[in-house]
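First to last, the protein sequences are chains A and B. Here the first sequence is numbered in numbering that gives the first Met the number 0, starting from 0 and rising by one per residue. Here the second sequence is numbered in numbering that gives the first Met the number 0, starting from 0 and rising by one per residue.
A couple of the hints might just be wrong.
[Said to hold, decoys possible] Simulated crosslink set (DSS-like; lysine-lysine; CA at most 25 Å straight-line):
1. B:Lys108 <-> A:Lys12
2. A:Lys108 <-> B:Lys89
3. A:Lys84 <-> B:Lys108
4. A:Lys59 <-> A:Lys89
5. B:Lys153 <-> B:Lys12
6. B:Lys84 <-> A:Lys84
7. A:Lys153 <-> A:Lys59
Simulated from the structure, these hints should not be mistaken for lab results. Here the structure is a predicted model, which means the values were calculated and not measured.
There are 2 protein chains.
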Amino acid sequence: MDWHELAPMDIEKRSFEIITRELGGRTLDPERAPIIKRVIHTTADLDYADTLYFSEDAVKAGKAALLAGASIVTDTRMAEAGINKTALSKLGGAVYCFMSDQDVAGEAKARGITRAAVSMEKAAVLTGPLIIAAGNAPTALLRLNELIWEGRIKPDLIVGVPVGFVNVVESKEIIKASGIPCILSLGRKGGSNVAAAIINALLYTLHDREQ
Amino acid sequence: MDWHELAPMDIEKRSFEIITRELGGRTLDPERAPIIKRVIHTTADLDYADTLYFSEDAVKAGKAALLAGASIVTDTRMAEAGINKTALSKLGGAVYCFMSDQDVAGEAKARGITRAAVSMEKAAVLTGPLIIAAGNAPTALLRLNELIWEGRIKPDLIVGVPVGFVNVVESKEIIKASGIPCILSLGRKGGSNVAAAIINALLYTLHDREQ
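Isolated chain A, as found in the complex (with noise of 0.2 Å):
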C-alpha cells in the first residue's frame, strides 16, 4: 500500500492490531493488555509479553496516582521526553529528571556513585504521589529500594525497566520484592522507551484513548 494513502491516525490503530494478531492465542490481562502491547509497540519485541512483570496491585496504583496528580521521577531526560506531557498535565501532574541538576552531580562525583542515585534521594523530598520511572540506571532502583528500607520514600508505583548488563537483573530482583507496587521488565531489557511507554499506556487509559 502507498504510504500516502494511510492516515497518521490509522498507523497506530493498525500497528495494534497487528501486535494484538500476533500475540495470538494469548490471554493477557485486560487491565495489563494496553500497556504491554504499547510497550510491543514501542520496541516491536515480543519478548515483552512474557517479562514485564506486575505487582497485584500496579495498575490501579499507577492509576490512582496518576488521577491525583503524581510526580513523576525519571532517571533519564529521553524518558521525559518520552513522557506526554500534555495528557499528565491534564491530570496535575508533572514530569522531573535531575541528572543534569548541579547539586546532583556534585554530590554524586563527592560520594562516588551515580548520578541516578543521588536524584532518588532528590526524589524523597518531593511531597504528594509520587511514581518512580527508572528505565535506565539499576543504581536508581538500587538506592531506591535502600531509601524505602529507611523509610525516606514510599512511591506510589515503581516502574523499574532499566537496561543493560551490570547490576540490572539483580535491581529488579529487588524492587520486586520490595512490597511496593511495581512494573518491571524483568531480564536484562528495558529502557527509556519502554519506561515512557508504560507511563504513557497508563495516562491513555485514564483518559479513554483507544488504546
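Given chain A, put chain B in place with the hints provided.
Then chain B, alone, in the frame of chain A:
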C-alpha cells in the same frame, strides 16, 4: 558485588566487556564494532549484531559530516534528548527536531500526512553537512526518499532505525537502495534510543573515548 563498590565510570566499561564476551567468536568490522556494541549496550538486545546494516561508506561519511559540524535532524524529542549535545557541539554541530513546530503540525494536518514526513521537507532547506536520524517514523524515511529522488535533499548520512509494524521494514529497504550512506536496523526493531546510540557512538569515536 555490592553496588556501592562499583564506581560509575566502571559500570559502562564492564558492560562493554560483557558484550564483547557474549559476542564471542564473532569478528566485527573494527570501524563498525563501537556502533554495534553501543546499540547492544543501549538495548541489551544481541539481535543487533545481525540486523544493523552499514552501507560501505557509512561510518566514514558520518564521521566526516560530524567533523564538519553537521546538523542532525531527528524525528523524535526522545532521540534529540538522547544525543550527547556536549560532544556534538564541541565539533560545531547541533541537533534539531521539528516535530513540535507549529508550521510542521499545520502542514501535516492540512495534507493528511505525518509530521515526521513534513519535518523531512523542513530538513531539506538546511544548508551544510546533514545527518538524518530517524528512530520512530517510517514515513520520515519514505518522504526522505522521495525528496532525495527529487534532488531536494542529499544527506551525508541517514541513520534509519524506525521501529514498528506498519511500513517499517519497507522504509529501511527503500533507504538501503537510495545510494545515500546509511546505517539501518533491518527488520522491525529500532527506536529513538537506537538512533541516539548510533550518533553517540560516532561522536565518541571522534572524541577518542574508549568505547
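Quick rundown of the hints versus the structure:
Restraint check for Lys108 of chain B and Lys12 of chain A: the C-alpha separation of about 18 Å stays at or below 25 Å, so the hint holds. Taking the CA atoms of Lys108 of chain A and Lys89 of chain B, the gap is near 23 Å; set against the 25 Å cutoff, the hint holds. The hinted pair formed by Lys84 of chain A and Lys108 of chain B meets the criterion: a straight-line CA distance of about 21 Å does not exceed 25 Å. The straight-line distance between the Cα atoms of Lys59 of chain A and Lys89 of chain A is roughly 19 Å, inside the 25 Å bound, and the hint therefore holds.
With a C-alpha separation of about 37 Å, the suggested pair Lys153 of chain B and Lys12 of chain B falls outside the 25 Å cut-off, and the hint is violated. For the suggested pair Lys84 of chain B and Lys84 of chain A, the alpha carbons sit about 23 Å apart, so the restraint of at most 25 Å is met. For the hint linking Lys153 of chain A to Lys59 of chain A, the alpha-carbon distance of about 16 Å falls within 25 Å, and the restraint holds.
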